[in-house]
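S.K.: Chains as they are written, first to last, in our numbering: chain B, 3 to 317; chain Z, 3 to 317; chain Y, 3 to 317; chain R, 3 to 317.
Just so you know, the hints here were simulated from the structure itself, not pulled from any lab data. C-beta atoms are modelled at their ideal positions from N, C-alpha and C, and glycine is treated no differently. Don't take each hint at face value.
What the hints assert, rightly or not - Mimicking DSS-like on lysine-lysine, the simulated pairs with C-alpha atoms at most 30 Å apart in a straight line are:
#, chain 1, residue 1, chain 2, residue 2
1, R, Lys260, Y, Lys269
2, B, Lys157, R, Lys260
3, B, Lys157, R, Lys269
4, Y, Lys269, B, Lys260
5, Z, Lys111, Z, Lys260
6, R, Lys269, R, Lys111
7, R, Lys269, Z, Lys157
To be verified - Sample of chain Z residues lacking proximity to chain Y, with all beta carbon distances greater than 12 Å (derived):
#, residue
8, Val88
9, Ala168
10, Pro206
Claimed, not checked - Covered stretches of chain R (in silico footprint by chain Y; criterion: 3 or more residues with CB under 8 Å from a CB of chain Y, positions within the stretch not fixed):
#, segment
11, 68-75
12, 123-131
13, 236-248
14, 292-298
There are 4 protein chains.
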Amino acid sequence: MPDPEDQTLQVRIETPVRGILPPMVTPLLERDVLDVAGLERLVEHILAGGVHGLFVLGTTGEAPSLSYRLRRELIERTCRLVNERVPVLVGITDTAFVESVQLARFAAKAGARAVVLSAPYYFPAGQAELLEYLHHLAAELPLPLFLYNMPSHTKVVFEPETVRAAADIPGILGLKDSSANMVYFHQLQLLFQGRPEFSLLIGPEELLAETILLGGHGGICGGANLFPRLYVDLYDAAMRRELDAVTRLHRQVMSVSKTIYSVGHYKSSYLKGIKCALSCMGICEDFMAEPFHRFREPEREIIRRHIETLRAEQG
Amino acid sequence: MPDPEDQTLQVRIETPVRGILPPMVTPLLERDVLDVAGLERLVEHILAGGVHGLFVLGTTGEAPSLSYRLRRELIERTCRLVNERVPVLVGITDTAFVESVQLARFAAKAGARAVVLSAPYYFPAGQAELLEYLHHLAAELPLPLFLYNMPSHTKVVFEPETVRAAADIPGILGLKDSSANMVYFHQLQLLFQGRPEFSLLIGPEELLAETILLGGHGGICGGANLFPRLYVDLYDAAMRRELDAVTRLHRQVMSVSKTIYSVGHYKSSYLKGIKCALSCMGICEDFMAEPFHRFREPEREIIRRHIETLRAEQG
Amino acid sequence: MPDPEDQTLQVRIETPVRGILPPMVTPLLERDVLDVAGLERLVEHILAGGVHGLFVLGTTGEAPSLSYRLRRELIERTCRLVNERVPVLVGITDTAFVESVQLARFAAKAGARAVVLSAPYYFPAGQAELLEYLHHLAAELPLPLFLYNMPSHTKVVFEPETVRAAADIPGILGLKDSSANMVYFHQLQLLFQGRPEFSLLIGPEELLAETILLGGHGGICGGANLFPRLYVDLYDAAMRRELDAVTRLHRQVMSVSKTIYSVGHYKSSYLKGIKCALSCMGICEDFMAEPFHRFREPEREIIRRHIETLRAEQG
Amino acid sequence: MPDPEDQTLQVRIETPVRGILPPMVTPLLERDVLDVAGLERLVEHILAGGVHGLFVLGTTGEAPSLSYRLRRELIERTCRLVNERVPVLVGITDTAFVESVQLARFAAKAGARAVVLSAPYYFPAGQAELLEYLHHLAAELPLPLFLYNMPSHTKVVFEPETVRAAADIPGILGLKDSSANMVYFHQLQLLFQGRPEFSLLIGPEELLAETILLGGHGGICGGANLFPRLYVDLYDAAMRRELDAVTRLHRQVMSVSKTIYSVGHYKSSYLKGIKCALSCMGICEDFMAEPFHRFREPEREIIRRHIETLRAEQG
C-alpha cells in the first residue's frame, strides 16, 4: 500500500502500457450524486471483459462537468472496487495547475497507478508554454503521467516535437491520442521508434484495429464500457495478426459507433448514447452532468433496439 | 450587509449596467499566492479612474488558471477593498455546474453584486442545452447573472435567439460580448430594442467607441487596468456624442492595443502585456498562472517604452 | 476612351474611394445565361439611389460560380449600361493568376476603373507568399487594385502588416474588409493614419455606420442592391455626423439584415435572400448559379412580406 | 478510340478502381509554360513503378492555380504520353459548374477515363445543395466521376450519407478521401459494405497501409511521383497481408513524409518538397504556380540530402 505522506514519484505500472483501458463512464443518480450501486456493477462488468486497465475521469467520464468532491469520491470508490486487479488511471486535466496537482495527490493516496492530462483548455497555450507547463507539473506529481491529445475539446495539439521533448521529463510515460488524425499518430510512432517503452494509445475505437496492426500499444475505447470483451478480442486478434478476425471485429466496432453514438443531433451523441445504452443494459443510471441531459424515451427506444442488433451481431 | 444564510436572489444593481467595468487582472506573487499589496494598489488605481464597476475573475483575471482557494481569497479581499464604492461582479464560469454555484454563493456572502458566466468550455453544448443549463443555474444563484459570450475560448456562441430566451429567466440581466463580431452585437441590440434594461456590454476595447455611439451600455475593457481614466473619458465622450473627442480617444485606445497587446508571438500577448505594463508602472507583480509566464527582460523593455509613448500621447 | 492596346496602369479613379459601392447581384435567366433585361433594370435601380460606384463579380455577384464567358459578358454589358456615370469596379479573384490577369485586361478594355481581388482561395498562402503574389500580379494589371479581405471564404487573412506593405505596390489603392472583425478594421485605420488616400471600405453593411463615424471611407453593401438610397442616406448622415439619423438608418439596415438575410438554414441565406427580394420587387430573375438554388415558394412568401415591412419602416 | 462527338457516358474503367494512382505534379518551366520534356520524363518515371493509373490536375498538380489553357495542354499531352497504358483520371474541380463540364468534355476527347471532383470551394454548400449539384453535374459529364473529399481546402465535407446518395447517381463510381480522418473513411467502408464496386481510395499516403489492410481499394499518394515502386510495393504487400513487409514499407513511407514534406514553415511544404525533390532527381523543373514559389538553395540542399537517405533506406 502506498505511503500517503510520500510525495515522490511512484511508478508501479509496466511500460509500455498495453491493451484496452476503457475510459469509464461516471454513473450518476442526480446532480452531484454518484450512482454507487451502478458504479459497482459497471466496474465488474468492465473487468469481466478482460480489460488491461481502467481510466476514470476522462472525457467519457464527464470529468470537467463534475464537482471536485464527486471526482474524489469516484476515485476512491473505484480504486477500492478495482482493488489492484488492474491499474487505475485518473484524469487530472484542469485549467488550474493547482487543482490538477491536488487531484493527482488524492489519486495516489487512493491507489491509482497513473494520471492522465490534456492541455489546459481555456487559454490556448503555445507549444513552448505547454512544454514548460509539463515540466512544472510533472515535478509536482506523485504518479506517472500520460498525455492526452484532444484538440477538438482543448483547442490545442501536443505537436510531435513537443511530445518528443516531454518524453524526456521523468514520469511522462506515454500519450493517448484522440485527435482521430492517424497521420499524427503515425508521426509519433516514427518519432518513438527508438523508445519502445513510451506508450502510444489511441482514443477513437474506430482506429483501434490499425493502431495495433501497425505497432501501437493499446486503446482507451469508450465502447468498452458496453462490450469490453469485443475490444479485448480485437486487440488480441490484432496482436496475433489474424487479419480475418481483425476485419470481422473491426466491423463490429464500427457498428457500435454507427448505431450507439449516432442518435440525436449534438456533438454529445457519443456520450449520451453510451450512458443510455448502459442504462438499457441495466448496468447504471444514465443521468448526465450539465450541460448535457440524458436521452428521452424516443431516443432510448432506438438505443434499445440497436443494442439487440449489436448483441446478435456479436453472437 | 447581506445575510449569509439567505439564498434568495439579491438584485442590488441598477439596470442596465452602464459604463466602464474593468476586468481586473489578478496580481500574483508566485504560484497560488496573491500579491496582496499589489491588489490593493491596483484596486485604488482603477477606482481612481472613475470606473463604474469592477469585474474580477474574468479572462483577463486568468480565472480558469487559478485554484478555487485563491479565487475565493481574491473575491473576499477585493470586495473588502472596494467596500461598496462600485459594484463588484465576479466571474463564475466553470465546466462544473456545482463549482459555479458554490463560487456564486461565496461571492454573494462577500458582498459582490452580480456574477458573470460564459458557456461551459470543455464540452460544446448545443443551444437548447445551453438554455436549459442557464435555467438550472440561474435557479441556484443568489446574485444576478450576466452572460459572457467568448467563443474564441469556449468554442460556443450564445446565439441571439438563445440570449433572447435567456433574458426571460429571472436574474439574467445582460450580456458581455467578447466575440469581436459587431454584426452579432448589433443583432442583439436589435433584438433587445424593446427591453432597454437588458445590459449589452462589449469586451474588446477597440470596439468601445462604436458600442456606445450606437446605443450599447458599456465596456469591460482590459486596458482600464492600466489607464482607467482613458476608457471612462471615451465612454463619457461617446455618451455626450462628442465625435471629435471620441475619435481622439478611440485612437489612443487603439494605440494601447497596438503596443501593449502586441509584443511576442502567442495568443497570450494581450494578457502578458497588461500584466507586464502594470508591473512596469509599479502597481503589481506580473507573475502569471500556468500555462503562461511573464515576459522576460527584452519584451519588458519594449513594454516600458510603449508606456512612455502612450503616456505622452494621453497628455 | 481607353486605348485597348495600352497595358500601362490606368488610374482614373479618385482616391480615397468614398461612399456606397454596391456589390451587384448577377441576374441570371438560367445556367450560364444572363438576364439581360433584369441587368438593365438592376443597374438603373441602383444608380437611381445615388450610389458612388458599382462593384461587379464579387461574392454577392456569385463570381466564382460563373463561367468566364459569362463574366466577360457581364463586365461588358454593365460598363456599357453604366456608361461612366459612376466608376465600375470588377472582381478578378481567382485561384489561377493568369485568369485574374486576363479578366483585368478585359475589364480595362470594357471601361472599368479598378479591379478587386481577394486571396487565392484553394491553396492557403502564407503572408510572405501573399505579398509576393500581389507584387507579381499588380505588375501585370492595367487597372488599379483593391484588396478584398474575405477570410470566411478564402481561409486567408490579409494581415495588417501585409496590407501596409502591399500599399507600397504601385496600383494598390485600398482594401475592402468583409471579415466582420472591426478590431482588424480599426487596426488598419491606425496603420494608415498617415496615408489618408488609401481607401478602407467595409463589406458587412451592419458595420457601415461605425465605419464612417470613425473615419472609414465607404461600404460595399449587398443590401444596396435592394435599397440603394438607404445606404447612401446612412453614409451621408454619418459623414455629416448626425447621430440621430445615423441611429435610425442603422436600425433600418439591421432590419434588412435580420429579415432578408435570415430565411432558411444555410450560409447562403444572404445571397438567396437578396436575389429573391430583387425578384419579388420585379427587378430581375432570382436564378442562382450552382451550387445554390433559388428559394422555393414558402421562403419567397416570407421574403415578400419582409419587403413590405421594410418599405413601411423606411417610409 | 472515343468518338469526340459522342457526349454519352463512357465507362471504360474497371470498378472498383484498385491500386496506386499517383496525383501527378504539373511540371512548369515558368508561369503558364509547361515543362514538356520534364512531363515526359515524369510520366515514364511514374509508369515504370508499376502504378495502376494516373491522376492529373489534383491538389498535387496545383490545378486550381493553372490557367485553363495550360490545364488542357497538360491533359492532352499526358493522355498522349500514357497512351492507354494505364487509365488517366482528370481533376475537374471548379467553383464554376460550366468550367468543370467543359474540362470534362475536353478530357473525354483526349482519352481520359474518368474525372475527379471536390466540392466547389468558394461558397460553402450545404449537403442537400451538394447532392443536387452532383445530380446536375453528373448528367452533363461524358466520363465517370470520382468524388474527392478535401475539407482542408474546400471547407466542405461530403458527409457519409451524401456519399451514399451520390453513389446512386449514374456515373459516380467512387471517392478519394484526403481528410486524413480514418473514422470517416471507416464509416464510408461500413456504409458501402454491400456495394463492393464503389471505389474507396485514400489520399494521404501515411494512411495507405491501414486503408488496404482493412479493405480499402487504393491510394492517390503524392509520394508516388518520387518513388512509385515503394507505394506499389506497399499496396501489394497489404493486399497479400504480409504484415512484416507492410510495416517495413509503411515506415519508409512515413520517412518520405517526415523528410520531404516537412521542410519550411508553410502549409505548402508538401507541394514544394515534392517538386523540389523531383528537380533534385533530374526528372522535371520545380517552378511553381503562384501563390507558391519553389524552394531556394538552403531548403533544396536539405531535400537533396533527404533523398539520399531515403534511397539508402529503400535499398
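S.K.: Honestly, which of those hints from before does the structure not fit?
M.R.: As far as the earlier hints go, 1, 5, 6, 10 and 13 are violated by this structure, in ascending order.
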